[in-house]
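Residue numbers (the working numbering), protein chains in the order written: chain C, 1 to 205; chain U, 1001 to 1490.
Just so you know, not all the hints are guaranteed correct.
To be verified - Here are a few chain C residues that sit away from chain U, every Cβ distance over 12 Å (derived from the structure): (1) G4; (2) L11; (3) L31; (4) V35; (5) G46; (6) L52; (7) V124; (8) P159; (9) L170; (10) A181.
Stated by the list, open to error - Covered by chain C, according to a simulated footprint, are these stretches of chain U (three or more residues, beta-carbon under 8 Å): (11) 1004-1012; (12) 1151-1165; (13) 1168-1179; (14) 1190-1199; (15) 1293-1302; (16) 1346-1353.
No wet-lab data here; the hints were simulated from the structure. Every value quoted in this text rests on a predicted model; they were computed, and no experiment measured them. Positions of the beta carbon are idealized from the N, C-alpha and C atoms, including for glycine.
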Amino acid sequence: MSHGVLWVLALGALAVVVVRRRSIAIALVALQSLVLGIQAITQASGTSTALLVAGIVLLAKAIALPALLGLIVLRTREPGRMASERHPLARLTVALAIALAVVTLMPRFGLAHADVEDTAVGLVALGLAIAVVRRPAVFQACGFLVAENGLYLAALSVPRGFPVFIELGLVFDIVVVISVAGAFSARIHGEFGTGDTSLLGGLRD
Amino acid sequence: MIEALVIAVPALPVACGLLVQLARTPAMADRINLAGALLTAVCAGLLAILALVDSSSPTQGAWYVVDGATGAFVGVVAGVGLLSALVSPGYLASADRSIFHAARARAWYYLGFDLFWAALLAIPLVNNLGVAWLLVEATTGASALLVAYSGRRSALEAGWKYLVLTTFGLTIALAGILVLYVGLAPHGGALGTLNWQAIARRAHSLPREDALLAFLLIVGGLATKIGWAPVHNWLPDAHSEAPPPVSALLSAALLPTVILVAWRVLVTLGPALRAGVGDATFIAFGLASLAIAVPFLWRPLPWKRLLAYSSLEHMGVLALGIGFASPLATAGVLLHLAGHALAKALGFYAAMPLLGHQPESAERPPRGIAKLSTGTAAAIGVSLGSLSGLPPSPLFFSELLILIGGIAAGHLVVALIAAALLGLGFLGLAHALIEGLLGGEPHRPWPRGRSVRVTERLATVIGLSLLVLAACAYLLPGSATVRMLMDGLT
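Build the full structure now, drawing on both the sequences and the hints.
Here is the structure:
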């Protein structure tokens, strides 16, 4: 896998930490999924089953899910910038710190290329960091997709890939989880007038 | 016969959930769901009996396994699912609002309920770690909207927390599965690489560091779904905000079922770790869960939140029993699994008349229920008495078996700490029980409506079942099921 692809994936995830508009974050995640999908199709050429699975994953993650999230953004207009959001530089610092710490601490686990392994681990960590530092519900869904893209990148580096059944099951689960997250996002917006998850803090002991 | 049942058990609730969509009236939807639930429970009960009777010679297929653990867990999930299906019409009749459009709310509730139940029934049956993970993740999708079913702000908050925290936790578990897969098949594998037997067979070929990394990621990730401390934050909120029949499924069926997946990981991957590391991980989660839960059991919490923290405590007890890994502790785990499921489910069902007649119980602890409704008081008494470990509750015997098993396995200090924490937890729950039944000012008794009558009957049936389970405490140690579990899950 080329270094260019790895840089696109990593910078895309970092950009999701920083950007203000939800639609841009969705587009960045879609771009990540598209790059990974093209990579998967390239690797699968000549194997019909792998090609079919790669195509399904690409359609679901680069087109269907971003379209779903985009539809939710259209239906849930935010009145303005969320006051609970921290400064982009502060978000970037926290996310980078989390990602670098995880990449440094994570031992090698046997992928052929260390840079692919580091990028995959970094994407999973950045996905978690996005859920921590971003307040809008849609961004937290994007964080999940970024983390999942990290695992997909690692799976692409495994000889003969991850088992087809699990890849297809995983795509199904992701579609269900993101659809449910979208429904929640719309309901939260309907109830609170915003998708700001920092308002979800009423349940405490 | 067994293969037909293995297919039917998860397929029936799925079919039932789809069939309910065709119902034209609420009463028809209730009837279809009840019929489907009864049929599912009969098939699952039969499968559980076959699995337990034949636990010395487990059955395996290409994608399924039917062993003693399968029997115990399928039996428990089927029982709790049936009870929740029985009380669901009562809950739906009293629900005044929903996250779904009113006209379709009941149909969506049953679809979510049945898909959730189907996934829970399938998890103990599958013979593959990867597929088990997919099913655990599927439970999140099916149950998150059920948690938020009431559509209240607090329910949305609980449902969102549940969705986000468990999804990210399971992402970490999937990372662990990937590490394991790469380690087991460095030159490429297949789905069968992640079969339980294949993991056990090839685990010794894994480098110890890779095995440890995979184990910690998988068990740590699953811990968020189990609700083990310190990654339990979603649990009290989701259990307290979900509809009572769903809370019962979450606490009595979902948490233990995911524990089974973690248990199978321990048994199959554990030998590749440094001796005792796997058991110590479970013991650490168990002690942390007990230590975090007990202070909350002393606080005046609303009824369902109190039950939620009790779930945290009992999942800690199960973790300790598995971590002790001795025959007595394993017998205790099986008894605890069933006893906790019955007592906890009854507690959540008792919340239906409680919240119906005393809506403020959602915000503060109940008081003086014995003076208001003897049926509800009986349910609360049986549930909380059992959960506190008051003899002759089966949980008293199971906790005793686990502690003695821990001492027999050489974990004297851990067993003593756990005994002290369980003692403190008992006092907290006993106080809540006395205040809940006898405290407060006298008020006008509640009318003996449908929800009270149903709860009263459930208290009788579940109370008697708990006594039967307590008697099983004498039968379980040394049984074929326990021997099978000690020799390694299939």
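Open item on the list: Hints numbered earlier in the text: which of these fail when held up against the supplied structure?
Closed with: 7, 8, 9, 10, 11 and 16
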